[in-house]
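Q: Using the sequences and the hints, build the whole thing.
Quick mapping for you: the protein sequence lines, in order, are chains A, B and C. Its first residue numbered 0, the first sequence is counted upward by one per residue in numbering that gives the first Met the number 0. Its first residue numbered 0, the second sequence is counted upward by one per residue in numbering that gives the first Met the number 0. Its first residue numbered 0, the third sequence is counted upward by one per residue in numbering that gives the first Met the number 0.
These aren't lab readings, by the way, just hints derived from the structure by calculation. A couple of the hints might just be wrong.
[Unchecked claim] Estimated spans, in silico, between C-beta atoms of each pair:
#1 B:V466 x A:A13: 21 to 31 Å
#2 C:P4 x B:R302: 31 to 41 Å
#3 B:P451 x A:E521: 46 to 56 Å
#4 B:P231 x A:Q232: 27 to 37 Å
#5 B:R302 x A:N400: 38 to 48 Å
#6 A:A13 x B:W65: 27 to 37 Å
#7 B:R304 x A:E68: 34 to 44 Å
#8 A:L313 x B:V462: 53 to 63 Å
#9 B:T419 x C:P4: 40 to 50 Å
#10 C:Q52 x B:S271: 23 to 33 Å
#11 B:V26 x A:A13: 41 to 51 Å
#12 B:R302 x A:V407: 52 to 62 Å
#13 A:H238 x B:V214: 36 to 46 Å
[Stated by the list, open to error] In silico contact screen, one side only, chain C against chain B (beta carbon under 8 Å); selected entries:
#14 V29
#15 M32
#16 I34
#17 L53
#18 I58
#19 D59
#20 I62
#21 A63
#22 F66
#23 L70
#24 V77
#25 A78
#26 L79
#27 F85
Cβ atoms here follow ideal geometry from the backbone N, Cα and C, with glycine treated the same way.
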Amino acid sequence: MTVELLLLLACPVATAVIVLMFRSSSEHTVSRWIALMGAILTLLLSLKVAGDFGPASEVSRFNENSSLEAPVNPVVILRQEWMTFGRNDTGNVSLEFFLGLDGISVALILLTTVLTVSAVLVSWESVKDRAAEFYACVLFLEAALIGVFCAFDLLLFYVFFEFTLLPLFFIVGIWGGPQRKYAAVKFFLYTLAGGLISLLGIVALVQNLGGLNPAILNGHWFSIPDVARFLTQHPLDLHLQFWLFLAISAGFMVKVPLFPFHTWLPLAHVEAPTAGSVLLAGVLLKLGTYGFLRLCLPLVPAACLDYGVPLIALLSVIGIVYGSLCALAQRDIKKLVAYSSVAHLGFCMLGLFALNVEGITGGVLQMINHGLSTGALFLIVGMIYERYHTRQLDDLGGLANRLPLFGVVMVFVAMSSIGLPGLNGFVGEALALVGMFKAQPIYAVIGATGVVLGAWYLLTMVQHGFFGPLREPKQHGHGHDHHPITDMTAREFCALAPLAALCLWIGVTPQPTIDLMRPDIEAIAKLYDNDGPPRPKGKQIPVAGATAAASSVEPTEDK
Amino acid sequence: MDAALQAINGAIQLIVPEVILIATVCVAFAISPFLVNDRGQSNPGLRNRWGVIALFGVLSAALVWWNTPHTTVTNGPFRIDELVWYTRLLTFGIGTVLVLVLWGQVEDSVSGECMACLLSILAGANLVAAANDLISLFLALELVSIPTYVLLYLPRRDNASREATIKYFLLSIFSSGLMLFGMAYLFGVGGTTNLVGIQAKLASGLGDAAPLVIVALGMIIAGLGFRITAVPFHFYAPDVFQGTAPAAAGMLSIMPKIVGLVALFRIAQTVSWFTSSIGSTSIATVAGLAVITMFVGNLLALRQRNIARMMAYSSIAHAGYMLAGFAVIVPGALANGWGAVLFYLTTYGFATVGVFGILVAVSDSRKPSMTIDDFAGLSKSHPVAALLMAIVLFGLTGLPPTAGFLGKLSLFIAAWSQGTELGPWLAILMALNAAISAWYYLRLIATMYLQPNSQLGSSQLQVPALVGSALCAVVTLATFVAPQWIWRMAESVGKLVG
Amino acid sequence: MTGDPLSILVWLSAIFFLCGFLCMIVKRNVIGMLIGVELILNAANINFVAFGQLSRLGIDGQIATLFVIVLAAAEAAVALAITLVFYNSHSTIDADRGESLRG
Numbered sequence: 000m001t002v003e004l005l006l007l008l009a010c011p012v013a014t015a016v017i018v019l020m021f022r023s024s025s026e027h028t029v030s031r032w033i034a035l036m037g038a039i040l041t042l043l044l045s046l047k048v049a050g051d052f053g054p055a056s057e058v059s060r061f062n063e064n065s066s067l068e069a070p071v072n073p074v075v076i077l078r079q080e081w082m083t084f085g086r087n088d089t090g091n092v093s094l095e096f097f098l099g100l101d102g103i104s105v106a107l108i109l110l111t112t113v114l115t116v117s118a119v120l121v122s123w124e125s126v127k128d129r130a131a132e133f134y135a136c137v138l139f140l141e142a143a144l145i146g147v148f149c150a151f152d153l154l155l156f157y158v159f160f161e162f163t164l165l166p167l168f169f170i171v172g173i174w175g176g177p178q179r180k181y182a183a184v185k186f187f188l189y190t191l192a193g194g195l196i197s198l199l200g201i202v203a204l205v206q207n208l209g210g211l212n213p214a215i216l217n218g219h220w221f222s223i224p225d226v227a228r229f230l231t232q233h234p235l236d237l238h239l240q241f242w243l244f245l246a247i248s249a250g251f252m253v254k255v256p257l258f259p260f261h262t263w264l265p266l267a268h269v270e271a272p273t274a275g276s277v278l279l280a281g282v283l284l285k286l287g288t289y290g291f292l293r294l295c296l297p298l299v300p301a302a303c304l305d306y307g308v309p310l311i312a313l314l315s316v317i318g319i320v321y322g323s324l325c326a327l328a329q330r331d332i333k334k335l336v337a338y339s340s341v342a343h344l345g346f347c348m349l350g351l352f353a354l355n356v357e358g359i360t361g362g363v364l365q366m367i368n369h370g371l372s373t374g375a376l377f378l379i380v381g382m383i384y385e386r387y388h389t390r391q392l393d394d395l396g397g398l399a400n401r402l403p404l405f406g407v408v409m410v411f412v413a414m415s416s417i418g419l420p421g422l423n424g425f426v427g428e429a430l431a432l433v434g435m436f437k438a439q440p441i442y443a444v445i446g447a448t449g450v451v452l453g454a455w456y457l458l459t460m461v462q463h464g465f466f467g468p469l470r471e472p473k474q475h476g477h478g479h480d481h482h483p484i485t486d487m488t489a490r491e492f493c494a495l496a497p498l499a500a501l502c503l504w505i506g507v508t509p510q511p512t513i514d515l516m517r518p519d520i521e522a523i524a525k526l527y528d529n530d531g532p533p534r535p536k537g538k539q540i541p542v543a544g545a546t547a548a549a550s551s552v553e554p555t556e557d558k
Numbered sequence: 000m001d002a003a004l005q006a007i008n009g010a011i012q013l014i015v016p017e018v019i020l021i022a023t024v025c026v027a028f029a030i031s032p033f034l035v036n037d038r039g040q041s042n043p044g045l046r047n048r049w050g051v052i053a054l055f056g057v058l059s060a061a062l063v064w065w066n067t068p069h070t071t072v073t074n075g076p077f078r079i080d081e082l083v084w085y086t087r088l089l090t091f092g093i094g095t096v097l098v099l100v101l102w103g104q105v106e107d108s109v110s111g112e113c114m115a116c117l118l119s120i121l122a123g124a125n126l127v128a129a130a131n132d133l134i135s136l137f138l139a140l141e142l143v144s145i146p147t148y149v150l151l152y153l154p155r156r157d158n159a160s161r162e163a164t165i166k167y168f169l170l171s172i173f174s175s176g177l178m179l180f181g182m183a184y185l186f187g188v189g190g191t192t193n194l195v196g197i198q199a200k201l202a203s204g205l206g207d208a209a210p211l212v213i214v215a216l217g218m219i220i221a222g223l224g225f226r227i228t229a230v231p232f233h234f235y236a237p238d239v240f241q242g243t244a245p246a247a248a249g250m251l252s253i254m255p256k257i258v259g260l261v262a263l264f265r266i267a268q269t270v271s272w273f274t275s276s277i278g279s280t281s282i283a284t285v286a287g288l289a290v291i292t293m294f295v296g297n298l299l300a301l302r303q304r305n306i307a308r309m310m311a312y313s314s315i316a317h318a319g320y321m322l323a324g325f326a327v328i329v330p331g332a333l334a335n336g337w338g339a340v341l342f343y344l345t346t347y348g349f350a351t352v353g354v355f356g357i358l359v360a361v362s363d364s365r366k367p368s369m370t371i372d373d374f375a376g377l378s379k380s381h382p383v384a385a386l387l388m389a390i391v392l393f394g395l396t397g398l399p400p401t402a403g404f405l406g407k408l409s410l411f412i413a414a415w416s417q418g419t420e421l422g423p424w425l426a427i428l429m430a431l432n433a434a435i436s437a438w439y440y441l442r443l444i445a446t447m448y449l450q451p452n453s454q455l456g457s458s459q460l461q462v463p464a465l466v467g468s469a470l471c472a473v474v475t476l477a478t479f480v481a482p483q484w485i486w487r488m489a490e491s492v493g494k495l496v497g
Numbered sequence: 000m001t002g003d004p005l006s007i008l009v010w011l012s013a014i015f016f017l018c019g020f021l022c023m024i025v026k027r028n029v030i031g032m033l034i035g036v037e038l039i040l041n042a043a044n045i046n047f048v049a050f051g052q053l054s055r056l057g058i059d060g061q062i063a064t065l066f067v068i069v070l071a072a073a074e075a076a077v078a079l080a081i082t083l084v085f086y087n088s089h090s091t092i093d094a095d096r097g098e099s100l101r102g
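A: Structural data, given as structure tokens:
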């Protein structure tokens, strides 16, 4: 298991290096084949890891030898000292290479590896300029994303989290659209600034553990499972938790993106090349929600309940409604899909901050669903753009006549994105909304309007673009490529088919996926059961509105 | 007589690596005038020979240092402790890169002198750490300063370079004067020039001499602040960096900082800064200087188009971070401020020298001063150089996976864990500044990678400088993955204050 | 206190230092500034010698002074060389006449 996981991390990096070594060949054929091989190999490895995870999770969990409750309870793969802060012989505090896996991370790693293969396939013809560098960036990005999902050290998590910026910066900035430079820099600086605040929050959190006594926790002050377990016994002061919650979640709010911090997203999506959009929407945005799930919920539970729920739920529903309305107004299909991401991620956040098993399950499921369906939408948009060099709804229409296969897949994926029962979107959205309804009905009701709006803008787009009379841009390809518009090729089918199949599979039988993640979600949700999260005794500082919020958020009685 | 000889002999034994460096310097200065003909010309390729000799000198000194067992000696003119060990690590590491960077930048006829100057700067930096006496401290500082003047002028020799040298020279000698005056007061209060003796004297009570010590400290901080490029003393830096050759500017961006910070630490140790009553006001002063320095450096760097000027302001900003670390040296905190500063010096040093190395590698001798636009499309014309540049620039920004991230992190943690009101604010301001600085480093990277047209299309890369930068990039990445060894060393130096 | 020879010398050196400091700030001429620096260095020298009378061995201060004198000579040599070069190109030794470095 250890070897497999390390190989899983190393495989994309090694492939990227090999791709770069063969960059001198002016042809892009070599690079893309190597990259494809690497991506497929990584996918196979991730399947192997996922297969091994089930048996391993029964024997080697983090918490197996302890009687204490552990909200974060991964299968420990590797713990290696990285940097030790010695404190005058009274004890050391270590940063660690702490790699582990739990159900949630396995699911997200699979999502990453599947989407990377599609991303490589969709770039097959469209990326010819500096192809080797492009594929190297995609593979580095894949490695960083896998790293985020299996990092269980606070700092290691942050490192992978920030490192994802670099390859994506180059992907957007070099191979993007006309405004790529601006988009790349804006994306980078936004997320970097958010990430730095998160880093400060992490450092502050660690500093406040038990009054700077390194003897506690055996020096594992940065290990997420250790700290989470410690904090269930020794909860932090509520006032402090509030500030920590704000600081730590800053980077994630930007990444998700929640409502006022979303402005970088449509720009980056529209300018990014198709592969970039697919990975950005499919996996990178999930880093934000995953960060909330991994750091905020287990580490500052009381603040999540008292302050997080009102704040995040409010921002989420604003995001859902605002994102949907913006999507409705777009004439550029890619921008439409980008705004739909803002709305869909709102559902994820609503689910997570329902703080009960249903809600969190729905939120996580929605993360995966959004990755699949929006990834597929971006793939289709990219493929159409390759044919017509436009994405404007005004220029395109009735494409199903010309491209019947595309029409079929588009309708299917759009339905999945809308949340048609029987497809994946339904399961996730329904669970998230049910969870939120238990916790805060009002937000669930407002959020539910997002489903209607989602159906509206997606169906409008499909109807406009794919049905009705055929409308094509007159002068596609100014003389340089006159080859006729063809329907989906085998390569494109290979890129789309797995995503569509997974959409259907999760929609019809969601149980295996849910079962995979259930123990880990239950461990977190347990924090919020009955009496709510542990609080410090007797020194709760009342802040205006806090008590009101706390009393209105009575957790559900039983499951 | 025999006793005196033995004492001298014993003292020399402690500084063998520096003696080797100085011997190389003597050879270079003695021989190189004879290799130049009447018209001031010499054989082409002479610089390669001097480069090899200088490299050989640095590496053999490093070898001797490496094989010397760790000992602690506190009496006599030289004090050997962890600080000296770490400073040697820094100077030999960075010195090797600097030799490579300087290699191709000098004309053949003056290459011997240039290398000799560089080597004596390295020796001087080590001796500053080893000095256990006001006199040897001052001499060591001047051993850094005087060759610096020459090194600023020799590689370029045009009007800009003359002007830069004059500016640097006048301010440098002024700062030396200030510092010497402060040292004289310290001598007066301590009654001896020996630092350990002064420390003992001051520890036994200041009495009515406290104002004199504070004046002395103020002058010494001012004098050293000039070398560190702390803010009220920084204004020469952009002009000098722009006016001199990039290789010399690279030296200037790191060596005076090592020297200044190490000397400041020694002085602080001598006056028991971290434990005595003088400390609190001095710490507040240094913290204030640090905050102003980082903001001025970063904000002014934002509007520079010339890379040398930008890097000058960047070096000012980094001086601010390190001074902030200096303000949070608290015995017993989770991460020691001084250890963090030393670790930061390593990460920053290799990154900044790496940037100047690339400047040298791609520079065109007809156009010594480069703007950001000159780097447009570098990723296409020289992909390796652009990649190395990106790595070291990310190192300066402090992004993972580069050592710069761990450097900033250790400073954050040191600031936050010192347990006073001041610390968290310093950490927050540092984070804010890191975000600001990302903008101008990123702009350079964006210019290299995101702008298609190439300006430096046909120029030939200078191989030694490229090798030097590659070394820097490797150190920057490797220190991120395996920081433990260097960090342990830095931390053990931090424990000198208790 | 004023009758004490030590304090007289310390005050004298302080005045020298002030003169040197002002000279550095006011003068724009390189040679003038150099003279200012020499004044500062020699003020420090006076201090060293004066305090040397107090110290245990008594010769620490004098030795320091000797070293500083030698160093000042070395600095002056380099300084004059640079100034000469500057004069050859700019035909002036005013330090702020240089125009090529602006940003």
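Q: Decide, hint by hint, whether the structure agrees.
A: Each hint, compared with the structure:
1. B:V466 x A:A13: 21 to 31 Å: holds (25 Å)
2. C:P4 x B:R302: 31 to 41 Å: Violated: the Cβ-Cβ distance is about 56 Å, outside 31 to 41 Å.
3. B:P451 x A:E521: 46 to 56 Å: Given a distance of about 53 Å, which is inside 46 to 56 Å, the answer is holds.
4. B:P231 x A:Q232: 27 to 37 Å: violated (50 Å)
5. B:R302 x A:N400: 38 to 48 Å: violated (56 Å)
6. A:A13 x B:W65: 27 to 37 Å: With Cβ atoms ~33 Å apart, the hint holds.
7. B:R304 x A:E68: 34 to 44 Å: violated (58 Å)
8. A:L313 x B:V462: 53 to 63 Å: holds (60 Å)
9. B:T419 x C:P4: 40 to 50 Å: holds (45 Å)
10. C:Q52 x B:S271: 23 to 33 Å: holds (26 Å)
11. B:V26 x A:A13: 41 to 51 Å: holds (47 Å)
12. B:R302 x A:V407: 52 to 62 Å: holds (55 Å)
13. A:H238 x B:V214: 36 to 46 Å: Taking Cβ atoms as reference, H238 of chain A and V214 of chain B lie about 44 Å apart, which means the hint holds.
14. V29: holds (7 Å)
15. M32: holds (5 Å)
16. I34: violated (12 Å)
17. L53: holds (6 Å)
18. I58: Hint on I58 of chain C: violated, closest Cβ of chain B at ~10 Å, above 8 Å.
19. D59: With Cβ-Cβ at 5 Å, under 8 Å, it holds.
20. I62: holds (7 Å)
21. A63: Status holds, d = 5 Å.
22. F66: holds (6 Å)
23. L70: With Cβ-Cβ at 5 Å, under 8 Å, it holds.
24. V77: Holds, because the Cβ-Cβ distance from V77 of chain C to chain B comes to roughly 5 Å (cut-off 8 Å).
25. A78: Interface hint status for A78 of chain C: holds (6 Å vs cutoff 8 Å).
26. L79: Interface hint status for L79 of chain C: violated (11 Å vs cutoff 8 Å).
27. F85: Given a least distance of 5 Å, the restraint on F85 of chain C holds.
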